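Novice: For the record, the sequence lines run as chains L and H. The C-terminal residue of the first sequence carries number 198 in numbering that gives the first Met the number 0, and the numbering is unbroken. The C-terminal residue of the second sequence carries number 192 in numbering that gives the first Met the number 0, and the numbering is unbroken.
Calculated from the structure, these hints are not laboratory results. Everything numeric in this text was worked out from a predicted model, so none of it was measured. Every residue, glycine too, gets a C-beta built ideally from N, C-alpha and C. Please note: incorrect hints may appear among the correct ones.
Below, in silico cross-link-like pairs of lysine to aspartate or glutamate (DMTMM-like), each with a Cα-Cα straight-line distance of 20 Å or less [as the list claims (entries may be wrong)]:
| no. | chain 1 | residue 1 | chain 2 | residue 2 |
| --- | --- | --- | --- | --- |
| 1 | H | K163 | L | D14 |
| 2 | H | K31 | H | E154 |
| 3 | H | K32 | H | D160 |
| 4 | H | K163 | L | E196 |
| 5 | L | K4 | L | D14 |
| 6 | H | K163 | L | E115 |
| 7 | L | K4 | L | D125 |
| 8 | L | K4 | L | E120 |
| 9 | H | K31 | H | D160 |
Among chain H residues calculated to face chain L with C-beta under 7 Å, some are [claimed, not checked]:
| no. | residue |
| --- | --- |
| 10 | L21 |
| 11 | C24 |
| 12 | A80 |
| 13 | L123 |
| 14 | Y126 |
| 15 | L165 |
| 16 | P168 |
| 17 | G169 |
| 18 | A179 |
| 19 | F180 |
Sample of chain H residues with no beta-carbon within 10 Å of chain L, all distances over it, derived [unchecked claim]:
| no. | residue |
| --- | --- |
| 20 | F11 |
| 21 | L62 |
| 22 | I90 |
| 23 | Y98 |
| 24 | L119 |
| 25 | A159 |
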Amino acid sequence: MNNTKDIFTAGLWEDNPVFRQMLGLCITLAITNKVANGLTMGVAVFFVLTASSFIVSLLGDSVPRRVRIPVFMLVIATFVTLVYMFLRAFFMPLSQALGAYVGLIITNCVILGRLESFSSENTPWDSVVDAAGVASGFGLALIAMSVVRELLGFGSLFGVQVLGSGWTPWVSMILAPGGFLVLGLLIWVQRAISPVEEG
Amino acid sequence: MRYISVLIAAIFAHNIALRYFLGWCPLVSQSKKLSSAWGMGVAVTLVMTITSAVNWPVYNYLLVPYGLEYLQYIAFIIVIASTVQVLEMVIERFFPSLYTTMGVFLPLITVNCAILGVSLFMILRDYTLLTGIVFALGSGIGWSVAIVSLASIREKLRFADVPKPLQGPGITMLIAGIMAFAFLGFSGMVGIK
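Bound-form chain L, shown alone (with noise of 0.2 Å):
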């Protein structure tokens, strides 16, 4: 990794947290179902990884190995906090709909996973990016399901009626059984489109 379109591409596409390592899959089956909620998270997960990478990259080699993941599991939780009070202030709808799953972002997979193979033993800027890209490519994830979910489910997108009154809503598509089926079906589609290598 030399440049910095690469490392934020191959977090974008080629290495998405979602549809490639399977990682953070909690948040991505349990929110989906409508775009809005879809689009907070990923927001709140970019935020949460890129600053929890950048203090991660600060710290580097002065954590002890026996103690990192509980040290940057610290630094996650103070981030997420955050983001809980600040939705609890000012979008505490969105904040009633996503529950327990915002504290949850804590235990996301991809946040730590990022911390511990890349942040720790890499420079703040190119942690930072390496964040973002992994970050978009989550969000990306995120708004594909909750898109294909949300239109399906309640034939709308953000709320708003597009595929008109004549549409049987597919009530599985918003329940559990509907992630877990959209999400098995865009790995497909996504591994179609660019295969996974051999070896």
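Here the structure of chain L is known, so what remains is to put chain H in place on it, guided by the hints.
Specialist: This is chain H only, laid out in the frame that chain L set:
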């Protein structure tokens, strides 16, 4: 009676994996073989029950009296990370044979969102301590049911002719979707409250 209905609800109708989507990263990565699925299931159930039993008093006797509820994420994460660390050392010291089979799964559990999720749900739903523990135990068993059944299906699927881009995670999600449909059938049976 209330404890039994919470237990049954947590295992089936409100299955933490198939209804609330928690703990899916290890569910996908550890469900290739049935033996590792069992190990992961036992480890998760154990840690989930212990951390809920610790997190409840931490929240209600430490955070609430001082108005520090907003620190719940940080407090819970510290409890979970240290419980896992202590548990790992205890098992390594006193049950070496168990450590060789289960030890590798323990560090993975700190980042298992099902553990944190169960503690958060427990607080959101205002459970008493005992209900919370029963709920955590049930959720752990429910999670194990999900990972063990998923691993059994995947072992059978090894010889199936799956299209190449769909192999691995893709087909796993489709199976999970069908399993989730099956578990939807339990939803009218018992309530969680």
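Novice: Under the constraints set out in the numbered hints, which ones does this structure not fulfil?
Specialist: Hints 6, 14, 24 are the ones this structure does not satisfy, whereas the remaining hints hold.
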